[in-house]
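Top line first, the protein sequences correspond to chains A and B.
Numbered continuously in the numbering used here, the first sequence closes out at residue 537.
Numbered continuously in the numbering used here, the second sequence closes out at residue 735.
I should point out that these hints are in silico values taken from the structure, not numbers from a laboratory.
Quick caveat, the model's predicted, so the values are computed rather than measured.
Cβ atoms here follow ideal geometry from the backbone N, Cα and C, with glycine treated the same way.
The reader is advised that the hints may include incorrect statements.
[Unchecked claim] Footprint (simulated), chain A over chain B, 3 or more residues, beta carbon under 8 Å:
(1) 569 to 576
(2) 668 to 679
(3) 684 to 692
[To be verified] EDC-like mimics (lysine to aspartate or glutamate), calculated; alpha carbons at most 16 Å apart, straight line:
(4) A/K528 x B/E647
(5) A/K528 x B/E649
(6) B/K727 x B/D605
(7) A/K326 x A/D447
(8) B/K716 x B/D618
(9) B/K619 x B/E647
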Amino acid sequence: MNDATSTRLTLFNFWVAFGAFGLACFFGMYQVLERSGLFAFLQSPAVYFASVSTHGVLMAFVLTTFFIMGFGYYTAAHSLGQPVWNPRLAWTGYGVCVGGVVLAAIPLLLGKASVLYTFYPPIQANVFFYIGATLLVVGSWFWCAIMLVMLARWKKDHPGETVPLPMFATVANALLWLWTSLGVALESVFQLLPWALGLTDTIDVGLARTLFAWTLHPIVYFWLIPAYIALYCYVPQAAGGKLFSDVLARTAFVLILVLGLPIGFHHLYMDPEQAVGWKFLHMVGTFAVAIPTLLTGFTVIASLELAGRRQGGAGLFGWIGALPWKNPMVLAAILSLLMLVLGGFGGIVNASYAMNAMVHNTAWVPGHFHLIFAGTVVTMYLAIAYQLWPRLVGRKLYSEDLPLVQLWGWFIGMVVMTTPWHILGLLGQPRRISAVQYNSVLTLSWDPYESLMVIGGFILLVSACQFVYILYKTQTAGETLEAEPAAADDAVRPPPAWLNGFTLWNRVILVLMVLSYGYPILQFFVLKTYNPSAWGY
Amino acid sequence: MQIRSPDKNWLHEKLAGLGVQLSQLEINELERKWLLVSIAMIGLFVGAIVVTAVSHGIHPPGHVETIDSASLHLSQEFAEDKLGVQPTPLADGSIQVRLVAGRYGFYPREIEVPAGRRIVFRMASMDVLHGAHIPMTNMSAMIVPGYVSEVVSVFPKPGEYPMLCNEYCGLGHDHMWSKVTVVAQENWRKPATGGSQQ
Ligand SMILES: [Cu+2]
């Protein structure tokens, strides 16, 4: 199904997503330069923290939300063979999101919302920042509703049939997002907005942090699922093989949905407002959610091996060399998985109940999440863009080699930038500083790593510019594309009903959420708490 | 609406049905093994953490105690003359240190504690969020306004340690740090009063 509406929706969403990405990379470059302290004229905490806030919001909220919506419209229309349901609603949602981004961008760029992308009450940003962020979330709910309705309609028309895997995963993600965003939405509507509008004088920071933690970890899975969709649904075919196991893929998506939601407290390990018992419970859940990721790694590598052997690769490792490394999707998958392994190791340290104290809020943390998010997730977003762009604009990809150079650059840049951050973190450097002002011998040991980080940042910026350039040239100067090659669908044995729908899983999530967040939220209404009043930045 | 009394067979049938469905799942032998390896691996990590948490009492700070940040100076514990290293050790021999975090410093700015002894830090914020971390040690805690943060650490080696604010607290955040001097047990003099130490 290649209807004009879904194509336009996808393109419009992708433009915002990748525009935000390109812009955010310039902020990132400025930050590594400023932070390195090598250039005295750049030193400015005010500009630095405004830049960090903007970089975080653009990457974590704008790039992801718009990319996921665009990719979702494409997936729904193509895998279900149906036009997008209610395009007017879809465009309204898009408008609400864009409006929100513009509203939030103004105070961000003026330095009136330097509260970083995690909000940080009782530091108070300009009210338009909170309104804008809320609108972005509300607009994305329109998309969630459309995905759910499209699945329901398809199921009605195709009783007893298996939901195509990409759509199954997309709907899992829409549900995940509805559950996830509820935490930050509650914080925003009942705490931040009334407080920023002056309707209330004070804010319960403990409650705000707990509600944000509700959102803060599952949001990562919201970003990750599209990358997994590509790993499961695009990579095996791109490598010349087929998906190793459909059932296992569905199991992984369901496990991420169910286990990913009730585990946010590992972001609060060092906080005083939650008791150790709850932290312990969430720690167990955090480790459990590593299982679907381990399954994904296995399934994707097994599918790649299958493809490599089909193409004549022999021996224990021969299949690796036989893989089509010149295919951007395959290359991206390999590089992504490498970064997932490195980042996953850091994640296990962060998730470790007591070990976390050594690295909490140090440079280790951005090192870890840049590997997972900017590495694993964004690399797959880039590969998806290379795959879809020609189909969306009807032109051949501008160059065959440049995407490979770009992907390698992104990988190398990410490794060069995050390795020193991990070391700096172990050496105790805090993550959210604009300059090293401590008159202590400790900081001498930090110096050599600062310059390495600048080099990594520079490679990443060049790579990001290449990416935007390739998309731009494809759209404006690419050769016209012939008919779209039809993807060969391997027939799969129908999965059991509980891997073909979400009713059961929503009930399970409800129970788990009440168990893991019920009392921890209720306590703020039972305990005698004292709310601090607002502070500027 | 009438609530149906639970039918004993209902759960039984459901479970049996689930068992049949599970056994019909097409899972390759290799996948089954990997699934078991994954679960065992995660079990091992969680097991190790459970053992250290239970047998050695190693937990992150999580001491739910509220306090009014706006009137810390009037409080029993965090009044200006009560801050710093406390002259009397706690019943179990630990040294107690009370700190107030505020833009942009920890008060008192310098403290001196003995090496090899259990130090209990009690900290409260007088304004926004802060974080206290002594690099390369497990002395780390968020300081959230409205709560008392309690964290316990032992510093084995004497030396000068910086205590850094590791949570963004405003544009002067880079400048927020204090000096912790760890001295050998025998050289440590307990302070005369609960207030500042010279
Ligand atoms: Cu601070």
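Taking the hints in turn, this is what the structure says about them:
1. 569 to 576: Since three or more residues must qualify, the claim that chain A covers the region 569 to 576 of chain B holds, with 4 doing so at under 8 Å.
2. 668 to 679: With 11 residues closer than 8 Å to chain A, the region 668 to 679 of chain B meets the three-residue bar; holds.
3. 684 to 692: holds (count 4)
4. A/K528 x B/E647: The given pair, whose Cα atoms are some 32 Å apart, is violated under the 16 Å limit.
5. A/K528 x B/E649: violated (34 Å)
6. B/K727 x B/D605: violated (29 Å)
7. A/K326 x A/D447: The given pair, whose Cα atoms are some 38 Å apart, is violated under the 16 Å limit.
8. B/K716 x B/D618: violated (19 Å)
9. B/K619 x B/E647: holds (14 Å)
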